[in-house]
Amino acid sequence: MAENDFPGWHGTTIIGVKKDGKVVIAGDGQVSLGQTVIKGSARKVRRLKPGGHEIVAGFAGSTADAFTLLERLEAKLEASPGHLARACVELAKDWRTDKYLQKLEAMLIVSDGKELFVITGAGDVLEPEHDVTAIGSGGNYALAAARAMMDSDKSAEEIARAAMAIAADICVYTNGNLTVETIET
84 MAENDFPGWH GTTIIGVKKD GKVVIAGDGQ VSLGQTVIKG SARKVRRLKP GGHEIVAGFA
144 GSTADAFTLL ERLEAKLEAS PGHLARACVE LAKDWRTDKY LQKLEAMLIV SDGKELFVIT
204 GAGDVLEPEH DVTAIGSGGN YALAAARAMM DSDKSAEEIA RAAMAIAADI CVYTNGNLTV
264 ETIET
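The working numbering applies: residue 84 is where the sequence shown begins, and numbers increase by one.
For the record, the hints were derived by calculation from the structure and aren't laboratory data. Do not rely on the hints blindly, as some may be mistaken.
Stated by the list, open to error - No more than 30 Å apart at the CA atoms, straight line, and that leaves these computed lysine-lysine pairs for BS3-like:
no.	residue 1	residue 2
1	Lys186	Lys105
2	Lys197	Lys237
3	Lys197	Lys105
4	Lys176	Lys186
5	Lys132	Lys105
6	Lys197	Lys176
7	Lys105	Lys237
8	Lys186	Lys132
9	Lys197	Lys132
10	Lys122	Lys132
11	Lys132	Lys182
12	Lys102	Lys186
13	Lys176	Lys122
14	Lys132	Lys176
15	Lys132	Lys237
16	Lys132	Lys102
17	Lys102	Lys182
Produce the complete structure using the sequences and hints provided.
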């Protein structure tokens, strides 16, 4: 089987919702290889505590690549404690200039409770409009659903859970087995 014929890993929907002084990052648990579900309970949202400052991160894409990026982000955060934006930009700079990192296939959503960022596979750092962002196979479905609920009375967690449920109903690479982490300012 040629490298380009390999069906590839698919799966994951990660959403970040910032509302009323809280940020919720939620992710599903499905990992698929081609048309087969390999695992339904993967944990793709994690708490990090580099330098004593708590961060919540969710990842989509290759698991090994995502862990490499998380480790690099932790190192950047330890070098710049309490400065999430600076650490994200420094990671993105490395990603764009390091030939090894350029081959990594992953994206991250990260928050310290004050700021919410997406770090893309192209080495970009994006601060989402409307205080909601999503990545992964079902990301656009979750994003649309969450944006529709942002003006409601629902909490950040309720929005994230409802948006993930909608994405799971639409995207075959997303399931309803959620990991949800909340961080406050």
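Right, here's what the structure says about each hint:
1. With a C-alpha separation of about 33 Å, the suggested pair Lys186 and Lys105 falls outside the 30 Å cut-off, and the hint is violated.
2. Between Lys197 and Lys237 the alpha-carbon distance is near 19 Å, which keeps this suggested pair within the 30 Å criterion.
3. A hinted pair counts as satisfied when its Cα atoms are at most 30 Å apart, and Lys197 with Lys105 qualifies at roughly 8 Å.
4. Under the criterion of a C-alpha separation no larger than 30 Å, the hint pairing Lys176 with Lys186 is consistent with the structure, at around 14 Å.
5. Note on Lys132 and Lys105: the hinted pairing holds, with a Cα-Cα distance of about 18 Å set against a maximum of 30 Å.
6. Only pairs whose Cα atoms come within 30 Å are accepted, and Lys197 paired with Lys176 is accepted, the gap being roughly 22 Å.
7. In summary, the hint linking Lys105 to Lys237 is supported, as the alpha carbons are separated by about 12 Å, within the 30 Å threshold.
8. The suggested pairing of Lys186 with Lys132 holds, with an alpha-carbon distance near 27 Å, which does not exceed 30 Å.
9. A distance of roughly 15 Å separates the Cα atoms of Lys197 and Lys132; the hinted pair therefore holds under the 30 Å criterion.
10. For the hint pairing Lys122 with Lys132, the CA-to-CA distance comes to about 27 Å; that is within 30 Å, so the pair holds.
11. With a C-alpha separation of about 28 Å, the suggested pair Lys132 and Lys182 falls inside the 30 Å cut-off, and the hint holds.
12. Restraint check for Lys102 and Lys186: not satisfied, since their Cα atoms lie roughly 34 Å apart, outside the 30 Å limit.
13. For the given pair, Lys176 sits about 33 Å from Lys122 by alpha-carbon distance, which is inconsistent with the 30 Å threshold.
14. Between Lys132 and Lys176 the CA atoms are separated by roughly 22 Å; this keeps the pair inside 30 Å, and the hint holds.
15. Proposed proximity of Lys132 and Lys237 is supported: the alpha carbons are some 29 Å apart, at most 30 Å.
16. Distance restraint check for Lys132 and Lys102: the Cα-Cα separation of roughly 22 Å lies within the 30 Å cut-off, and the hinted pair is therefore satisfied.
17. With a C-alpha separation of about 37 Å, the suggested pairing of Lys102 with Lys182 is violated against the 30 Å cut-off.
The structure is inconsistent with the numbered hints 1, 12, 13, 17, although it conforms to all the rest.
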